Each structure stands twice: as structure tokens, then as C-alpha cells.
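Student: Chains as they are written, first to last, in my numbering: chain U, 1 to 524; chain F, 1 to 129.
A portion of the hints provided could be inaccurate.
Which residues of chain U face chain F? A partial, calculated answer using Cβ under 10 Å [to be verified]:
1) 106
2) 109
3) 116
4) 122
5) 123
6) 523
Residues from chain F that face chain U, not an exhaustive set, calculated with beta carbons under 8 Å [to be verified]:
7) 2
8) 33
9) 81
10) 104
11) 105
12) 113
13) 117
Beta-carbon label-pair distances, calculated as ranges [said to hold, decoys possible]:
14) U:78 <-> F:35: 18 to 24 Å
15) U:219 <-> F:55: 40 to 46 Å
16) U:161 <-> F:26: 47 to 53 Å
Just so you know, the hints here were simulated from the structure itself, not pulled from any lab data. As the structure is a computational prediction, the values presented were derived from the model and not from experiment. C-beta atoms are modelled at their ideal positions from N, C-alpha and C, and glycine is treated no differently.
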Amino acid sequence: MGRKILFITTDQQRYDTLGVNGGTLARTPVLDALAREGVRYERCQPTSVVCMPSRASMLTGQFPSTHGAWMNGVPLAIDAPSVAENLHDAGYATALIGKAHFEPFMDPFGRFAENSLASLGVPTIEQPWFDGRRGVHRGFDYLEFATHGVMGPLHYAKWMMANHPESLGGFYQVVDGELNVNAEGGGDSGAPQVKYNDVAREWYHTDWVADRTIRWLDDQREDRDWFCWMSFPDPHHPWDPPRSEIGRVPWRDVGLPANYPERASEREAIIDQKARHWRAWYDGTLVSNYEAPAKWVPATLTPDQVREVNALNAVEVELIDEAIGRVLSRLDEKGWGDDVDVIFTTDHGEFQGDFGFLFKGPYHVDALMRLPLIWRPARSTKTAPGVVTAPVSLVSLAATFLSVAGKPAPAWVEGDVLPQNDDEARTRGQDATVTEWDSSLFGVDVHVRSVLTKEYLYTEYDKGTLHEGTEGELYDLRDDPLQRVNLFDDSTRVNIRASLHERLRSHADRPGERATPGIVMAPV
Amino acid sequence: MASLRHEIRIAATADAVWSIVTRPESIPEWFPGIVSCTVDGTVRVVKTAIGLEMPEEILTNDPLLRRFAYRITSPVYKFHLGTIDVIALGERESLCVYSTTAEPDTLALIVAGGTVAALAQIKQLAEAG
């Protein structure tokens with residue numbers, strides 16, 4: 001037997017929401033302990049700041065410009081490479097429980113397997129694989145899906161409809177009557193996507209995902225290795241945790257984030273230094289992407305709304321931490337505690353009030369790009385605990401899973417194995433990461449590339465609806481960790497700009513085959 | 001209101017392609033995710049793989065123009081117009097164009113996403129003869 005892998009993801013969780021990363025709102029003792037026992041990463045970046053491209057990168061080990069799922073709504077090709085296929089080939093039992101989102105949710109025709117599987121009542125289906133064979137869907141022989149609400153065809157929604165129909169109305173209606181992200185306000189402050197949810201805690205999707213994971217683990221043979229991706233839909237909006245839990249973090253006691261200047265004039269002066277689509281969104285004159293409510297204007301966000309969103313987000317983070325604790329306890333009870341690698345991360349971040357915004361979009365700053373990442377190698381490996389300060393990327397996860405399984409990374413994997421300390425990162429030359437954004441929705445297209453080093457965050461905007469192809473942002477992270485002062489046009493930074501531009505050019509010119517970019521099939 | 005268009009070149013005569021598109025009852029054969037339908041005069045009701053029933057009104061089925069047009073009449077749509085045009089490009093080649101105009105915009109995107117796979121299936125059927 002080798003090492004088993006528990007891969008835990010959340011959705012839209014900021015780096016600073018964990019206690020071990022300096023967070024002060026949510027209590028996260030389970031993840032904090034996991035980090036102290038393993039390797040904690042201080043600069044983990046996504047390949048994209050929205051779900052589908054980022055999750056596809058976790059599965060394929062490729063950047064969006066390679067795997068072809070370049071924006072939300074573009075399905076990952078059914079025969080795209082999948083690390084789960086390689087692990088399946090290596091003899092691992094493979095499961096994904098919770099939120100997948102490699103295929104669009106909005107699918108009235110039920111064309112995508114993720115949306116039809118619950119109706120079919122089977123644990124997986126056969127599909128074409130990358131290498132021409134056919135096998136279980138994307139390499140997973142067990143799939144059970146959930147997302148942010150209780151509408152639609154996924155397993156969790158069907159379970160709620162069948163077992164607790166009286167609680168369906170407690171959840172926030174994620175989309176409005178026109179199927180746009182809902183702008184309706186709730187809670188005490190009227191913040192968008194907030195609702196006090198009367199659902200019982202044990203029926204909420206966080207506990208459901210943990211329960212179903214435990215059930216799957218209980219079914220596994222003692223003598224077989226497994227790869228289990230446990231994927232929580234929270235703390236992504238809507239912020240509608242069970243009402244019984246919201247007293248954990250009273251929102252009126254919550255301070256404002258460091259990057260939320262309370263005076264509008266100060267916020268606006270900061271935003272005006274950035275590329276022009278920032279201010280356009282803030283003022284409500286342009287919504288470039290589907291992921292934020294089309295009818296919500298960020299300039300209307302109030303300090304109390306920021307407080308309440310952050311409080312409810314923290315409640316959701318605490319529930320996740322406790323759910324993870326239950327799963328880890330079960331692993332110990334089963335005697336697997338020493339043989340399991342646990343990797344925890346998320347797909348991208350969330351503004352949560354930074355600069356006066358909520359949600360996400362083509363805005364490459366820490367709020368959306370600095371992610372929690374923890375790797376607790378199996379105890380049997382006796383890996384020294386540590387902290388990695390070098391930039392790393394979610395694109396490295398696939399290679400890392402394969403290294404845990406003792407398998408070489410195939411040629412299609414673009415990311416290196418995660419380093420376990422800074423010396424290893426230095427030796428391997430892992431000193432920068434790239435994040436991509438491409439979107440084209442209802443006549444608005446935006447194309448962004450960013451590179452992060454230990455010292456700088458550098459962004460270039462390609463020609464698009466609002467950009468000439470000459471704009472950019474440059475932040476010196478040593479002097480300006482909150483990324484408020486844009487140095488892109490600073491004449492004293494010409495050389496560093498050239499050097500970072502060269503890194504982006506190298507990324508664009510990297511060798512390897514690219515999939516044909518997929519077609520937008522739905523908004524999300 | 002959003003309007004989207006997808007097209008595909010097909011190595012078959014326009015008549016061969018049109019013979020597929022013109023039969024309203026054939027839609028489950030070529031629109032992935034539509035599992036069955038009923039046709040009663042100009043009213044077609046399609047059923048999707050997740051059990052959703054969508055009523056439609058057939059507006060045009062013109063063999064001279066080789067144009068099939070319909071609208072989804074579900075109340076969730078403020079407006080919908082779907083048009084399939086088959087255009088001869090040569091003796092053995094044709095172009096099939098599937099246009100979707102709808103309000104809300106989001107629904108146009110979702111239906112148009114489905115038409116991409118529908119065109120691929122029409123091509124496969126036509127080229128198989």
C-alpha cells in the first residue's frame with residue numbers, strides 16, 4: 001500500500017480567513033493544527049480567479065490557456081487530461097464529493113454529466129479519456145455533487161428536496177428571475193446575497209459534504225489506496241449559513257478590513273490608479289463578467305454590509321473547519337491517520353470589502369489571488385513542518401498528487417510538484433506564478449495576465465472592450481502589501497516592468513500543446 | 001436582448017441537411033439533451049434530460065428558403081427566436097447556421113450553448129447519409 005490522498009477544497013476563500021494565516025474572525029483550529037503539522041504556503045496563487053478555469057487547472061495540472069476552459073461557462077473538454085485518471089490507473093479508488101464545476105451549472109438540457117448523474121442514479125458513467133481509452137468520468141469512479149443552493153439537478157439539491165422540502169425556502173435564491181446573479185439584499189444590513197437561513201445545521205451542504213465523504217471512506221477496503229476530493233461549496237456567496245450558527249460571529253462587532261478605506265473618496269482615489277474597468281464596475285457603468293450581480297453597484301456598499309458579509313463568511317469558514325475535523329477524526333478511527341496526505345486549498349478568493357467591492361472578476365489583487373494552501377504529508381513520511389514563502393500555484397496540484405502516489409507526472413502536466421520548503425523552491429527555480437483571465441460576455445471582452453514574484457505583482461491588460469492593450473498594474477509588495485499604489489507608469493520602474501513583462505512573454509510562449517479554446521455554453 | 005449565432009460547414013448537400021432540420025419531430029435525434037418531443041400542428045413540446053418540458057411555437061418551416069424558425073413560449077422567456085438556416089455552398093457542401101435571440105440575455109447564452117452541439121450532430125447525421 002502507498003499513501004492515500006484527501007484533497008479538500010473550498011470555494012472562494014481568502015488567505016486571511018484562517019487563523020494560522022493571521023485571520024481573526026473565524027476560529028479554525030483544525031486547519032491551523034494541520035498547517036502546524038505540515039507545510040503552510042504563504043503565497044499560493046490560482047491560475048484563474050473564477051471557479052471553472054481554476055478547478056480545471058487543479059484536475060489537469062494545466063493553465064486555462066492550455067486546458068481550454070478559459071472562462072466560467074466553458075466546459076472542460078470531456079476528454080481533457082485528468083490526474084484522477086492517472087491515479088485510477090495506479091490502482092487508487094477515486095471520488096469527488098461536493099462541488100466539481102468542470103461543466104456549466106446552467107444546463108436545462110442536462111447535456112453535461114455533472115448535471116445528469118444524480119438523475120441517472122449511478123456513481124459514475126463511462127466517458128472518453130485523454131489517451132483514447134474510455135473509462136469512468138474524468139477518472140472518478142464515485143461522484144456526488146453539491147453546489148451553493150438547493151435548486152437544480154445535483155445530488156445535494158435532490159437530497160434536500162426529497163428529505164427536507166420544508167427547508168428549501170430558507171436558502172438564498174442565488175439567481176434572479178432573469179437568471180442573473182441575484183442582487184437582492186438581506187440580513188440586517190441589506191447586503192447582496194445575504195440571508196438568514198432557517199435550515200438545520202446538519203442539513204446544510206457543508207455537513208452534507210462531510211457526511212457523504214465519511215460514508216464513502218467507510219466503504220473503502222483497508223488494503224486499497226484512495227484519492228478523495230472533498231469539495232465544499234462554501235464560503236462562496238450566497239452568505240446564507242444556518243441561522244442557528246450566526247451568533248458565533250456577531251456582525252456588529254466585526255471590524256472593517258484593512259483594505260476597506262471607510263471614506264469613499266479615499267477608496268475612489270485608490271481605484272482610479274488602477275485600470276479603468278475597476279472604476280467602471282464601482283460606479284455601475286460596466287459589469288464585465290457574470291460572477292457579480294449585474295444589478296448591484298459596488299459604490300452603494302456600506303460599512304455595515306461589509307461587516308455582515310465578513311461575519312457570515314467567517315461562520316461558514318468555521319463550519320467547514322469543524323466538518324473537516326469530523327472527517328479527519330474518522331480517518332484516525334479507521335487507523336489511516338499516518339498514511340494519508342491531506343491537502344487543503346480553495347479555487348480563488350473574494351473581495352469581501354477590499355477597495356469597496358464584493359464578489360470577483362478581472363481584478364488581480366490579493367483579495368482574489370492569495371489563497372490558503374496547506375499540505376500535511378502522510379505522517380509516515382516524517383516530513384518536517386514548515387512554511388513556504390515562495391510563490392506557488394494551484395497548477396502544481398496534479399503533479400503533487402502523482403508524486404504522493406509515486407508516479408511521474410505525464411508530459412501534459414505544466415506545474416511542478418509543490419516544494420516543501422523555500423530551499424526546494426529555490427533549487428527548482430520556483431520563484432513566480434502566473435494568473436490568467438479571459439472573458440467575453442455579451443459584447444464585453446477582457447484579457448488579463450499577471451505574474452507574481454516575492455517582490456512584485458505585475459498585471460498587463462491585452463486589447464479588449466475597455467483596454468487599449470497598453471494598461472497595466474505594478475505593485476511593490478514589500479512597500480505596498482495592500483496593492484494600493486500602482487507603479488505601472490513609474491519611470492523608475494522601467495527595468496522591473498521589462499523583466500516582469502518578459503516573464504509573461506515566456507509564459508505565453510511556453511512549449512506544449514494547447515487544447516482548442518472551448519465555446520461558452522452558459523454563463524456559469 | 002442577446003443574439004448569438006453558431007454555424008458549421010457540412011460535407012453534404014443542402015437538401016440532405018434540410019431533410020433533417022425540416023422535420024420538427026426529429027429534434028431529439030440531433031439536439032443533445034432533448035430526449036423526446038410531441039408535435040401538434042405548430043406546437044412542439046420538447047422534454048429535456050433533466051425532465052424539463054419546454055413548449056415551442058413553430059413560426060417558419062420554409063423549404064425554398066431552407067429556413068426553420070421557432071420560439072420557446074415558456075414564461076421564463078420574455079422573448080425567444082431560434083432560426084436554423086441551411087445554405088448551399090456547392091454541389092456537396094453546405095453551411096448550417098443556428099441563431100438564437102432571446103431575453104433575458106442569460107437564457108440566450110444557455111440555449112445557444114446547446115445549439116453548438118446540435119449543429120455537430122446535424123453534421124454527423126447529414127454526412128452519414
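Student: Please go over all the hints and tell whether each is borne out by the structure.
Tutor: So, going through the hints one by one against the coordinates:
1. 106: With a minimum Cβ separation of about 5 Å from chain F (threshold 10 Å), the hint on residue 106 (chain U) holds.
2. 109: holds (2 Å)
3. 116: holds (6 Å)
4. 122: violated (14 Å)
5. 123: Since the shortest Cβ distance to chain F is 18 Å, the answer is violated.
6. 523: holds (5 Å)
7. 2: Since the shortest Cβ distance to chain U is 6 Å, the answer is holds.
8. 33: holds (2 Å)
9. 81: violated (17 Å)
10. 104: holds (4 Å)
11. 105: holds (6 Å)
12. 113: holds (3 Å)
13. 117: Since the shortest Cβ distance to chain U is 6 Å, the answer is holds.
14. U:78 <-> F:35: 18 to 24 Å: At 19 Å between Cβs, range holds.
15. U:219 <-> F:55: 40 to 46 Å: holds (44 Å)
16. U:161 <-> F:26: 47 to 53 Å: violated (33 Å)
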